[in-house]
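Novice: Sequence:
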Amino acid sequence: MKKTNCSVPPTRQAQREAFGYLSFNVSLINLDIVGVKLRESGEFVVLMYRGAHKVGYIYEGEKLTPKQAFITYDDAPDNYNEFDKYIEFYQDRLEVLAPIPDNYVFINDQEIVQTKHNDL
Numbered sequence: 000m001k002k003t004n005c006s007v008p009p010t011r012q013a014q015r016e017a018f019g020y021l022s023f024n025v026s027l028i029n030l031d032i033v034g035v036k037l038r039e040s041g042e043f044v045v046l047m048y049r050g051a052h053k054v055g056y057i058y059e060g061e062k063l064t065p066k067q068a069f070i071t072y073d074d075a076p077d078n079y080n081e082f083d084k085y086i087e088f089y090q091d092r093l094e095v096l097a098p099i100p101d102n103y104v105f106i107n108d109q110e111i112v113q114t115k116h117n118d119l
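Heads up: the sequence shown at position 94 corresponds to 93 in numbering that gives the first Met the number 0, and the numbers run straight through without jumps.
Among the hints, erroneous ones may be present.
Stated by the list, open to error - When the alpha-carbon atoms are kept at most 30 Å apart in a straight line, the in silico DSS-like pairs for lysine-lysine are as follows:
1) LYS84 to LYS62
2) LYS36 to LYS53
3) LYS36 to LYS66
4) LYS36 to LYS84
What the hints assert, rightly or not - Quick list of simulated restraints, FRET-style, between CB atoms:
5) ASN78 to ILE28: 19 to 25 Å
6) SER26 to PHE88: 28 to 34 Å
7) MET47 to LYS84: 33 to 39 Å
8) ASN107 to ARG49: 16 to 22 Å
9) ASP83 to VAL54: 16 to 22 Å
10) ARG15 to ASP91: 18 to 24 Å
11) GLY55 to PRO100: 21 to 27 Å
12) ARG38 to ASP73: 16 to 22 Å
Honestly, the hints are just simulated from the structure, not real lab data.
All C-beta atoms, glycine included, are put in the ideal place defined by N, C-alpha and C.
Make the full structure from the sequences, and use the hints.
Specialist: What follows is the structure, encoded as structure tokens:
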């Protein structure tokens, strides 16, 4: 089984068309997200990697217990560079949705602008 590219979150172009801008929380800089779809339940667990190191997960579904979601996280490789072995081992049980390479944007200090938010 091979990794597939995930279209969620939407591409940069889709974000621009929908909102007119791209935004992010600075604490998420250099954080990669990888979706893992469990074939049996159809549920997704999102794994987070900073560099090659696994740092957390998000589960927003309803079918898995917190323990089952954690087991999915715990089974994933600690090092992102070992994902191919993980995919091969679990090929009948899951699908890995890798980030689209074109969704990466490199920024510098001149491109970051603080904006005022209007209180509603």
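Novice: Taking the numbered hints from earlier one at a time, note which ones the structure violates and give those numbers from smallest to largest.
Specialist: 7, 10
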